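> Use the sequences and the hints to build the structure in full.
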Amino acid sequence: MIDIKKTFLKLIGYEEIWTLGIRKKGENTPYNVISDLKKYWYADPIQISYGNKDYVFFEMFNKKKCKGSIGVAEVDGEQLKNIHLVLEEDFHMSYPTIFEFNNNLYMLPECSESNSIRVYCCSRFPDKWELYKVYENKLNYTDMNIINIYKDEIIVDCSVIDTENPFKAKTVLQKIEVNDKYEFGEIKVLKEGEYSFTDRNGGAVFFAEGKAYVPKQISNNGNYGMGLNIHMYDLEKRILMKNIVRSIQVKDFKTQNLDKNITGIHTYAQGKSIEVIDIRVMYFNPKKWFYRLNKLKSRRKD
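Just so we're aligned: 122 in my numbering is position 117 of the sequence shown, and the numbers increase by one with no gaps anywhere.
Hint data in this document are derived by calculation from the structure and do not stem from the laboratory.
Fair warning: this is a prediction, and the values are worked out from it, not measured in the lab.
Just to be clear, a hint being listed does not mean it is correct.
[Claimed, not checked] Calculated cross-link-like contacts (lysine-lysine; reagent style DSS-like; alpha-carbon spacing at most 25 Å):
no., residue 1, residue 2
1, Lys175, Lys193
2, Lys70, Lys30
3, Lys256, Lys29
Structure (structure tokens):
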């Protein structure tokens, strides 16, 4: 069913955009939200600890360019500070999965717009990443999670969008082969799931009390990012347990410093002491159609 009010608001210049909220883990308190959304909006948080600090990587969407890149912020209590870009290409990027292998940090961002799967290696943390490997994206892979890391292979849980219904996704389990010089080789498919409204990755695998968990997005026809289901994951069998451990719904979401109506949530990250989530809000942008027209013109030139 068409939401007439939302459709009207979008026509007059409103748009649905994303921002990040952070709070202490285990406390049912409102999230502290990034409220400055004039130039960028933010989504797909991935938490990582490095040295004695916690960081959050995320999609940093430039509203003027209508394109996402990868940004980072330092965690300071219940705030995200020193927000800045760390990786930008000519194409859209998001969902910056990060993992460690052989004492190096790698990033596996979503960049399906480039028709490729790209692996970047960190040369200076957190803000310098060099292109390491490019693979052909044959199946429209989007958000990817690292499941297992072994000496000779890396197991990746990939979300694939249904070309007939973009609100549906399926899981394709793959492995990146690694040779005896610790160099990444071919990507091979291990198994595929079925398309559904609740199988798109909604955050990296996280651990609590020795158990692994993974968030999955909830969508339906016409509505992407309605909420999240948290499932337990059997790492040895590489199986997502169907029972839902926790469900995060829009109606239950509270913030400290945001007065806008929340219309969606779709990525969750958890660290040792904090949890971060992205939220979708309606935001008035008087230059919305001007920016989109410029992007369309630039694509025609290309």
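> Run every hint past the structure and note whether it holds.
Status of each hint after checking the structure:
{"no.": "1", "hint": "Lys175 to Lys193", "result": "holds, 17 Å"}
{"no.": "2", "hint": "Lys70 to Lys30", "result": "violated, 35 Å"}
{"no.": "3", "hint": "Lys256 to Lys29", "result": "holds, 20 Å"}
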